[in-house]
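Modelling step: build the complete structure from the supplied sequences, incorporating the hints.
Chains as they are written, first to last, in the working numbering: chain D, 1 to 113; chain A, 1 to 107.
Just so you know, these hints were derived from the structure itself, not from any lab. Keep in mind the model is a prediction, meaning the values are calculated, not measured. Check before you lean on any hint, since a few could be wrong.
Subject to a maximum C-alpha distance of 30 Å in a straight line, what follows is the list of computed DSS-like cross-link-like pairs (lysine-lysine) [what the hints assert, rightly or not]:
| no. | chain 1 | residue 1 | chain 2 | residue 2 |
| --- | --- | --- | --- | --- |
| 1 | A | K59 | D | K83 |
| 2 | A | K63 | A | K99 |
| 3 | D | K57 | A | K42 |
| 4 | D | K70 | A | K42 |
| 5 | A | K94 | D | K9 |
| 6 | D | K83 | A | K94 |
| 7 | A | K59 | A | K99 |
| 8 | A | K79 | A | K57 |
| 9 | A | K69 | D | K57 |
| 10 | A | K69 | A | K94 |
| 11 | A | K94 | D | K71 |
| 12 | A | K42 | D | K9 |
| 13 | A | K42 | D | K71 |
| 14 | A | K99 | D | K57 |
| 15 | A | K94 | D | K70 |
| 16 | A | K68 | D | K57 |
| 17 | A | K59 | D | K57 |
Counterexamples of contact, computed for chain A against chain D with all Cβ distances above 10 Å [unchecked claim]:
| no. | residue |
| --- | --- |
| 18 | E45 |
| 19 | T49 |
| 20 | A53 |
| 21 | E56 |
| 22 | A84 |
Backbone N, C-alpha and C define an ideal beta-carbon position, used for all residues, glycine too.
So the chains spell out like this:
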Amino acid sequence: DGGITQSPKYLFRKEGQNVTLSCEQNLNHDAMYWYRQDPGQGLRLIYYSQIVNDFQKGDIAEGYSVSREKKESFPLTVTSAQKNPTAFYLCASSMIREGTEAFFGQGTRLTVV
Amino acid sequence: EDQVTQSPEALRLQEGESSSLNCSYTVSGLRGLFWYRQDPGKGPEFLFTLYSAGEEKEKERLKATLTKKESFLHITAPKPEDSATYLCAVRYDKIIFGKGTRLHILP
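Spelled out as structure tokens, the structure:
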């Protein structure tokens with residue numbers, strides 16, 4: 001089945017630790033995205049990538065880092081510099097052609113204690 | 001600043017009571033507008049893509065329309081299973097989202 005896989009579904013970390021969220025897609029999409037969602041809020045863009053080995057900051061990139069070494073993979077690291085990391089994180093992918101929509105994984109809920 | 005604004009923030013309807021959700025945008029170089037449905041704790045589920053002013057798309061009880069500066073999601077005779085958050089997104093060089101409309105259909 002083609003799709004986007006995020007793992008793990010739930011993640012708990014102690015304050016001050018870095019943590020990496022996984023996102024893999026087998027849709028052969030060029031573009032991948034990371035969003036953050038807080039309770040009752042919409043999706044805010046953290047980082048996006050349109051091609052391997054290249055990525056751009058979104059609206060809330062501070063305290064996060066990404067890599068895009070393979071077309072299929074776009075891991076997100078939440079660093080200790082992120083002041084309020086507890087949130088629901090969503091990964092998406094799309095073709096880069098105009099008018100093409102993004103498809104989402106099922107999300108990772110990160111709780112930092 | 002590029003923005004997507006959805007209204008209302010929340011909407012409660014009786015089963016069978018039709019209504020519309022609004023999405024307005026201030027983005028130059030629009031390359032597509034999208035509607036998604038999101039259930040609690042899940043990733044957004046794609047509903048529609050609209051690309052040109054005047055375009056309309058339909059799926060079951062939902063109909064999406066697009067003008068030059070806004071889109072509407074019309075819901076006709078909704079059922080309780082239509083209760084969800086509906087998200088609007090626009091694409092230019094990236095994809096950005098509005099805050100969503102939480103829709104609750106009462107039986």
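Here is how each hint holds up against the structure:
1. Between K59(A) and K83(D), the direct Cα distance comes to roughly 42 Å. Violation of the 30 Å bound is thereby established for this hinted pair.
2. Restraint check for K63(A) and K99(A): the C-alpha separation of about 20 Å stays at or below 30 Å, so the hint holds.
3. Note on K57(D) and K42(A): the hinted pairing holds, with a Cα-Cα distance of about 25 Å set against a maximum of 30 Å.
4. Simply put, K70(D) and K42(A) have alpha-carbon atoms about 26 Å apart, close enough for the 30 Å limit, and the pair holds.
5. Of the pairs offered as hints, the one joining K94(A) and K9(D) holds, with about 25 Å between alpha carbons and a cut-off of 30 Å not exceeded.
6. Annotation: proposed proximity of K83(D) to K94(A) holds, straight-line Cα distance about 25 Å (limit 30 Å).
7. Taken as a hint, the K59(A) and K99(A) pair is honoured in the structure, with Cα atoms around 23 Å apart against an allowance of 30 Å.
8. Simply put, K79(A) and K57(A) have alpha-carbon atoms about 20 Å apart, close enough for the 30 Å limit, and the pair holds.
9. Annotation: proposed proximity of K69(A) to K57(D) holds, straight-line Cα distance about 26 Å (limit 30 Å).
10. Distance hint between K69(A) and K94(A) is fulfilled; the C-alpha atoms sit about 18 Å from each other, no more than 30 Å.
11. Taking the CA atoms of K94(A) and K71(D), the gap is about 17 Å. The hint holds against a cut of 30 Å.
12. Taking the CA atoms of K42(A) and K9(D), the gap is about 10 Å. The hint holds against a cut of 30 Å.
13. For the hint pairing K42(A) with K71(D), the CA-to-CA distance comes to about 24 Å; that is within 30 Å, so the pair holds.
14. At most 30 Å may separate the alpha-carbon atoms for a hinted pair to count; K99(A) and K57(D) meet this at roughly 20 Å.
15. For the hint linking K94(A) to K70(D), the alpha-carbon distance of about 20 Å falls within 30 Å, and the restraint holds.
16. A hinted pair counts as satisfied when its Cα atoms are at most 30 Å apart, and K68(A) with K57(D) qualifies at roughly 28 Å.
17. With a C-alpha separation of about 35 Å, the suggested pair K59(A) and K57(D) falls outside the 30 Å cut-off, and the hint is violated.
18. A beta-carbon of chain D is positioned within 10 Å of the beta-carbon of E45(A); the least distance is around 8 Å.
19. Listed as outside the interface, T49(A) is inconsistent with that label: its C-beta sits roughly 5 Å from the nearest C-beta of chain D, within the 10 Å cut-off.
20. At roughly 13 Å, the least C-beta separation between A53(A) and chain D is larger than 10 Å, which holds for a residue marked as non-interface.
21. Every Cβ of chain D is farther than 10 Å from the Cβ of E56(A); the closest lies at roughly 15 Å, confirming the non-interface assignment.
22. At the 10 Å boundary, the C-beta of A84(A) stays outside the reach of chain D, the nearest C-beta of that chain being 14 Å off.
In the structure shown, a violation is registered for the earlier hints numbered 1, 17, 18 and 19, in ascending order.
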